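Be aware that the sequence shown starts at 1, since it is given in the numbering used here, and climbs by one per residue.
Read the hints as simulated data drawn from the structure, not as lab findings.
Hints are supplied without guarantee of correctness; some may be wrong.
Cross-link-like lysine-lysine pairs, in silico, DSS-like; alpha carbons within 27 Å at most [as the list claims (entries may be wrong)]:
| hint | residue 1 | residue 2 |
| --- | --- | --- |
| 1 | Lys392 | Lys289 |
| 2 | Lys59 | Lys154 |
| 3 | Lys340 | Lys318 |
| 4 | Lys289 | Lys182 |
Bear in mind that the values here come from a model prediction, so they are computed numbers and not experimental data.
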Amino acid sequence: MGMTMSEKILAKASGQANVKAGDIVWVKVDIAMMHDLLGPWLVDGGFQRLGGKLFDKEKVVVVSDHCTPPATVQQADILKFTRDWSRDQELPYYYEFEGPCHQVIVEHGHVRPGRLILGTDSHTCMAGGLGAFATGIGSTEMIGVLLTGETWLKVPETIKVVWDGRLPHGVYAKDMVLKTIKDLGHAGATYQTIEFSGSAISELSMDERLVLSNMAVEAGAKTGLIEPDHKVAEYLRSKGVTEEIDMISSDEDAAYSRVLYYNASELEPQVACPHEVDNVHPVSSVEGKAVDQVYLGSCTNGRISDLRIAAQILKGKKISKNIRCLVVPASQHIWMQANKEGILDILTEAGCIVNMPSCGACGGFTSGVIGAGEVVMSSSNRNFRGRMGSPKGEVYLGSPAAVAATAIEGKITDPRKYLPKEVMV
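Sequences and hints are given; from them, build the entire structure.
The following block contains the structure:
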């Protein structure tokens with residue numbers, strides 16, 4: 001019997017020739033990532049009591065993103081502690097005010113195919129879009145990783161999700177992953193890997209692939225993986241990676257717990273409705289729902305291609321006078337690229353407010369949380385009750401195109417009528 005990508009990566013990390021789903025393995029970690037909210041200020045006590053010596057400074061990455069810019073004194077204190085701790089540990093890889101950690105570690109070349117990456121955030125799985133086994137762990141578990149560089153994992157089963165065909169006009173990776181989550185359910189992939197494959201996946205840009213892996217956890221998955229190809233190699237070369245790239249793939253006779261098949265050409269824009277990410281419906285069934293705010297950005301859908309599509313829709317138009325539109329690029333690099341291309345001017349002239357790259361209102365931390373009774377249409381990844389502010393608010397999720405179209409009309413809108421036929425990502 002062949003091996004899946006997950007089995008191959010965990011076999012390598014555990015120093016074994018073969019492992020299978022269900023095995024408990026002791027693994028060596030390639031990258032240990034922490035962010036400010038669930039990082040140093042939580043782990044330091046236990047870390048110091050157990051010796052306080054990092055296993056390898058080159059393999060530890062800290063990103064301050066949830067508390068930037070700080071909106072409260074507590075957030076400012078957390079940010080200061082994180083900055084000081086990283087300095088005291090002499091970490092070469094500390095990032096602040098650069099954007100959400102998941103995008104930052106991808107952009108700075110920390111993510112490579114075949115690597116094992118553990119982070120103190122559930123959306124660490126986004127790195128799987130480049131073929132890394134990446135997953136979230138708790139802060140207490142991170143203490144052991146920081147000290148030893150090792151931990152144990154159960155080798156997960158794998159669900160194979162095959163998307164063949166060509167995406168229609170105005171339909172994107174966000175619609176693909178929402179449809180997948182609807183069918184799997186919010187716990188349907190618990191402690192399993194979702195492996196995305198098929199001709200439609202191969203056609204996706206790197207920006208779009210990262211949407212799929214980012215949201216795998218919304219079906220309960222341990223990680224979301226996509227087989228690396230020439231697009232991944234080209235992307236990594238553009239980030240300064242010169243070493244040989246491990247083009248890891250599942251064997252043809254690998255065993256899967258379940259296989260789902262989709263025809264991308266039959267898909268239409270999807271919207272996740274309150275208060276679960278698997279409460280997904282075609283945009284046509286919720287079109288016309290009035291909103292108070294739209295949110296374009298996050299580590300899920302704040303990349304340059306997302307901002308380009310939004311600018312295409314909003315150019316020469318104005319957002320509804322009844323709403324506010326917040327734009328949060330996924331990183332400082334993307335912010336600068338969007339500025340260079342004139343995208344930020346287009347969005348600002350349309351009436352949008354462009355914020356600095358951060359986790360922002362996506363997690364209900366800073367810069368645009370919603371109040372009781374307010375409704376938001378967001379390109380982010382979660383819509384749990386209270387996720388973006390008041391537990392009495394409502395969060396709908398859709399593609400950046402759907403968010404931009406909604407901004408114009410002040411109500412949930414099918415984006416296809418605002419997109420010329422030739423606009424594709």
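Which numbered conditions among the earlier hints are violated in the structure presented, ordered from lowest to highest? none
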